[in-house]
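*Asks:* Just so you know, the sequences run in chain order A and B.
First residue of the first sequence: 17, per our numbering; consecutive thereafter.
First residue of the second sequence: 359, per our numbering; consecutive thereafter.
To be clear, the hints were calculated from the coordinates, so they are not data collected in a lab.
A quick note: this is a predicted structure, and the numbers were derived from the prediction, not measured.
We treat Cβ as the ideally placed atom computed from N, Cα and C, and that holds for glycine.
Just to be clear, a hint being listed does not mean it is correct.
[Claimed, not checked] DEER-style ranges, computed between Cβ atoms:
| # | chain 1 | residue 1 | chain 2 | residue 2 | range |
| --- | --- | --- | --- | --- | --- |
| 1 | A | 34 | B | 392 | 56 to 64 angstroms |
| 2 | B | 569 | A | 36 | 49 to 57 angstroms |
| 3 | B | 539 | A | 64 | 56 to 64 angstroms |
[Said to hold, decoys possible] For lysine to any residue, the following SDA-like pairs were computed, each having C-alpha atoms within a straight-line distance of at most 20 angstroms:
| # | chain 1 | residue 1 | chain 2 | residue 2 |
| --- | --- | --- | --- | --- |
| 4 | B | 593 | B | 623 |
| 5 | B | 513 | A | 191 |
| 6 | B | 513 | B | 468 |
| 7 | B | 513 | A | 289 |
Chain by chain, the residues run as shown.
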Amino acid sequence: MSQNRQNPVGTRAQRGPWLEFLRPISTRESALLGLVIWVLFFVGWEVAAWRELVNPLLLPPPEQVLVSLYDLLVNRGFGVDIGVSILRILASFVAACIIAIPLGVLMGSFARIEGLFNPFVSAWRYLPAPAFIPILLAWFGTGEEPKLALLFLGVIWFLITLVMDHTRNVRDELIETAMTLGARRWQVLWTVIVPAVLPNILIAMRQMLAIAWTYLVIAEIIAATNGIGAVMWRARRFLDTDEILAGILVIGVLGLAFDLLFRWLYRILFPYLDRNGR
Amino acid sequence: MTLQAPTTAAAPSGQPHLALEGVGKVFELRRNEHIEAIKDVSFTMQENEVCVILGPSGCGKSTVLRMVAGLESPSAGQLLLDGNPIHGPGRERGMVFQSYTSFDWLTVQDNVEYGMRLNGAGARERRERAAEFIELVGLTKFANAYPRQLSGGMKQRVAIARTLANDPALLLMDEPFGALDAQTRWHMQELMMSVVESTRTSVLMVTHDIEEAIFLADRIEFMSRHPGSVLEEIKPTFKQGQRFTRKEQLLDFPEYGDLERHVMKLMRQQGGDDATPAEQGA
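Construct all of the structure, not just a fragment, from the sequences and the given hints.
*Replies:* Take a look at the structure:
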């Protein structure tokens, strides 16, 4: 099945149309195409700034953004802010995972546990996490707690639901096979359900980490004196658009780096899956 | 060897290996709406016998097998293995499914060791016994491969080796070759025959493939539909107790054709023209 999805060797002469159904492209071409869109983006930005199509105060050229990023990092301790933001993400995300993953797996495995928790989890999922900011501030003041709590609340309900759904999709026959081989309940859970669902859990984590960044910026804009979001919000007051854009750039780069980290982990942890798994 | 299925211990002679006594199964579709899938199924199986449950789609043959496996409980009657009532699944009744059940995250070797590991066999015994069964199904070269790298037929061989290495008292197979292409299928049937011969395993298998049933079975329980029940017990007597490992050997017997014709007729009567949309309990 996977064979005809691979690139046939030596079929260069036989060229199809540029856009073709069911035709994969090489890793190199994929990287190249990915680069093209970015080059176009920056050229467009550069041109827009250069020709002053927009007010330069609102949209500085890309190189000026880089210069202010350098200045922020070297002279104004922006590195510490970045570190603080990453720590906030990691602390709250790890806490959410520690609860969401076991709970999601149990809910996906046992109908009774799902019956107990799912109505609760579903309700919370529909509540937008930022709606809790006022009450979190009232409860926790302006320390680290409300920020961590917001990130936690923004991630956990969706993560539980994703993990539960993936667990529920573990094929019945795998569980039944283990049972007819003599597996007891906890053995089925540990030796079949968990390893079967683990790759999908990692994918769910990757997706939810991206969401965590969203809430991080919200939390830092509203109530923080440090962190990437706080720096950007302060820059807004002086209309330092180059610094705001530098912050956005850093968040983008960090998001990409975490994404790549997860892809790498996926390949390392699950070598038995297709290389182009998902 | 430490791997001894607990229930094979003391079967008094004459007692059947497996006995189904008036087994019935009622499924609840909706509230107050029930369907009787299985009614009064009774048959027995002797040790070392290969027994095939054959029947049209929707006759509930898979449900019968699942009840023997302990994956479903009967609504009526009882099932006995060596005189002991069956409650829930257990390692003495290992099951091979139609869909592939290799554990993707384990190599072939570890897949075959899996059952023994659950049941606390030592590392050395596990390794040796797994290697033995992997060889028996002809996968020695692939012992360290992951299931993704294997064809469908090879995955089924892993499943068979994994179940047999766990030393079940009874091997259950639910249309194990149903998902395979025709050529692989008869290869697997022949392979299974030789494996069963060399391990002296008792097998209870479900199929709707008439040829497969006649080739493999010492005895066929033919089931009717609505509700599923044993219509006829068929013994391919022409085989005279022999087991064959090549399908063409069957063709030497003129009685083979007669039997196939007879079963075909039953199948047509039962399954035939009022074709139901879905196989029930499959």
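*Asks:* Give a verdict on every hint.
*Replies:* Going through the hints against the structure:
1. About 60 angstroms separates the C-beta atoms of residue 34(A) and residue 392(B), a value consistent with the hinted range of 56 to 64 angstroms.
2. Between residue 569(B) and residue 36(A) the beta carbons are some 43 angstroms apart, a value that contradicts the proposed interval 49 to 57 angstroms.
3. Look at residue 539(B) against residue 64(A): about 60 angstroms separates their beta carbons, and that is inside 56 to 64 angstroms.
4. About 16 angstroms separates the Cα atoms of residue 593(B) and residue 623(B), which keeps this hinted pair within 20 angstroms; it holds.
5. Note on residue 513(B) and residue 191(A): the hinted pairing holds, with a Cα-Cα distance of about 17 angstroms set against a maximum of 20 angstroms.
6. For the hint pairing residue 513(B) with residue 468(B), the CA-to-CA distance comes to about 13 angstroms; that is within 20 angstroms, so the pair holds.
7. Of the supplied pair hints, the one linking residue 513(B) and residue 289(A) holds, its CA atoms being roughly 15 angstroms apart against a limit of 20 angstroms.
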